[in-house]
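Just so you know, we're using full-length UniProt numbering here: the sequence shown kicks off at 1 and counts up by one.
Careful, some of the hints might be misleading.
[What the hints assert, rightly or not] Label pairs and their in silico Cβ distance ranges:
id, residue 1, residue 2, range
1, Leu356, Ala280, 18 to 26 Å
2, Gly219, Arg348, 39 to 47 Å
3, Ala249, Glu161, 19 to 27 Å
4, Ala250, Ser114, 15 to 23 Å
5, Val397, His420, 48 to 56 Å
6, Asp215, Lys255, 31 to 39 Å
7, Asp215, Ser114, 47 to 55 Å
[Unchecked claim] Cut-off 30 Å, straight-line C-alpha distance, at most; resulting in silico cross-link-like pairs (DSSO-like, lysine-lysine):
id, residue 1, residue 2
8, Lys141, Lys156
9, Lys156, Lys228
10, Lys190, Lys228
Calculated from the structure, these hints are not laboratory results. No experiment lies behind these values; they were computed from the predicted model shown. Backbone N, C-alpha and C fix where the C-beta goes; we use that ideal spot for every residue, glycine too.
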Amino acid sequence: MPRSATDYGKDSGQTDLLNPQQDTVTAVSPARTLRVAQITSICSRNEHRLPLGVVRCPVPSAQFLQRWRLSGMVAEMALFTPLTAGGMALSFFVLPRLLKRREEKTQKNQCWKSLFIDTYSDVGRYIDHYAAIKKAWDDLKKYLEPRCPRMVLSLKEGAREEDLDAVEAQIGCKLPDDYRCSYRIHNGQKLVVPGLLGSMALSNHYRSEDLLDVDTAAGGFQQRQGLKYCLPLTFCIHTGLSQYIAVEAAEGRNKNEVFYQCPDQMARNPAAIDMFIIGATFTDWFTSYVNSVVSGGFPIIRDQIFRYVHDPECVATTGDITVSVSTSFLPELSSVHPPHYFFTYRIRIEMSKDALPEKACQLDSRYWRITNAKGDVEEVQGPGVVGEFPIISPGRVYEYTSCTTFSTTSGYMEGYYTFHFLYFKDKIFNVAIPRFHMACPTFRVSIARLELGPDEYEEMEDAEEEEDDDSADMEESDEEDEEARPRRLFDVPIRRRRYSRLF
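Please take these sequences and the hints and turn them into a complete structure.
This is the structure we're talking about:
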């Protein structure tokens with residue numbers, strides 16, 4: 001049966017196998033001796049917890065813990081679980097100095113047992129989440145410090161336990177333990193640009209999401225229908241966009257789910273809010289984002305994290321020219337009802353540095369073949385790209401960003417560019433653009449929509465059919481005016497909104 005923190009250290013018949021004189025720990029399986037320096041090395045390789053059942057000892061000595069501090073590894077918690085009747089399994093959590101009083105008590109030579117009991121009562125609730133979240137924070141800061149130093153400097157110190165308790169009392173709901181654990185490490189960031197949670201920029205649209213501190217988030221806690229019991233995690237001062245976490249299961253949402261809200265533009269009920277699901281839990285949401293950043297999946301451009309996803313297979317090489325594509329879904333410009341899914345893509349055109357100088361060329365035109373999830377195909381041709389006619393020479397890279405929309409949840413594009421050689425202007429050739437797929441995240445329809453009565457639902461369906469008819473009329477008009485067709489790709493109107501305050 002598991003023991004409480006006060007039970008540890010009562011087994012007077014057991015021998016402390018930690019040897020502070022030699023800095024060694026005797027292991028049960030496999031039978032070998034580990035030096036403190038070895039354990040420190042293990043933890044330095046981001047293995048924050050030693051396997052249970054490896055080290056057999058009832059208590060760590062105060063000298064042993066102090067040696068860890070002196071070596072830079074802050075071992076402020078030692079957690080024990082029963083292994084056999086004759087021993088205990090020791091699992092070390094290397095925790096940061098969450099509270100300054102920990103150091104103060106250590107300096108006063110507080111015994112290990114008292115230190116352990118106090119620390120366990122303070123942060124022991126986060127054992128299941130700490131290793132993953134602390135590693136994510138450490139990896140993210142290490143990656144961003146040389147690339148986006150201002151972003152790292154914007155992070156706030158961790159919140160106190162009593163601060164998080166006060167927020168729970170204010171909103172009347174319990175915060176998820178993994179959320180609390182993360183905010184004990186860093187209490188969000190200052191409202192600055194660029195934000196920690198990524199940016200996106202088009203010609204007339206900009207988004208940058210800050211990670212909100214817990215007090216600001218509590219001020220935006222929602223009690224209204226449609227977003228009941230939802231706490232904002234992020235905020236963009238340019239668009240008003242937020243990602244929310246459902247602290248309670250309500251209105252068809254799962255508890256702890258993270259999502260972007262998407263108002264149902266066809267419903268008369270303002271509580272009809274659809275959701276693009278981003279993560280099943282706070283840990284899932286945060287660690288997956290961090291992995292995308294530190295793996296290089298999200299590019300860093302001008303000290304900002306851009307949330308473009310690149311498929312390594314989405315590359316095509318024609319002669320000396322290579323074209324690669326990254327894509328991103330924009331929830332703030334998309335809707336489920338009516339179906340309108342907005343995507344942006346970033347294209348990189350590069351000529352090999354080993355190419356001959358006479359291979360220098362200029363882009364003349366583009367051709368696109370666009371296919372939606374229903375198999376409908378649209379072809380688009382036009383001069384240049386985004387109004388430019390770039391020149392490509394050996395070793396040079398040209399990049400640009402554009403956008404498109406689909407009436408289905410997914411689709412793909414492919415095509416080619418037409419170039420002419422600068423030294424042989426009459427000689428033209430095509431460069432392939434690889435096929436790249438775009439798909440919106442999983443979404444959930446508003447429960448307010450699902451609860452419509454037959455008459456209300458029929459009225460809504462009629463309104464949607466009228467919307468489709470209007471779209472068809474616009475397409476026919478586009479066929480009559482060929483110059484208007486490229487607007488679907490390169491000149492999509494952006495809904496501009498002004499926000500004078502948070503939430």
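Consistency of the hints with the structure:
1. The hint said 18 to 26 Å for the Cβ distance between Leu356 and Ala280, and at roughly 53 Å that hint is violated.
2. Separation of Gly219 from Arg348 is about 41 Å and conforms to the stated range, judged on CB atoms against 39 to 47 Å.
3. For the hinted restraint 19 to 27 Å between Ala249 and Glu161, the CB-CB distance of approximately 25 Å keeps it satisfied.
4. The beta-carbon spacing between Ala250 and Ser114, approximately 43 Å, falls outside the hinted interval of 15 to 23 Å.
5. In this structure the hint that Val397 and His420 lie 48 to 56 Å apart at CB is violated, the actual value being about 20 Å.
6. Taking 31 to 39 Å as the suggested C-beta distance range, the pair Asp215 and Lys255 does not conform, at roughly 23 Å.
7. About 32 Å separates the C-beta atoms of Asp215 and Ser114, a value inconsistent with the hinted range of 47 to 55 Å.
8. Proximity of Lys141 to Lys156 is assessed by CA-CA distance (about 13 Å); at most 30 Å being required, the pair is judged to hold.
9. For the given pair, Lys156 sits about 28 Å from Lys228 by alpha-carbon distance, which is consistent with the 30 Å threshold.
10. Between Lys190 and Lys228, the direct Cα distance comes to roughly 26 Å. Compliance with the 30 Å bound is thereby established for this hinted pair.
The structure does not agree with the numbered hints 1, 4, 5, 6 and 7 stated previously, though it agrees with the rest.
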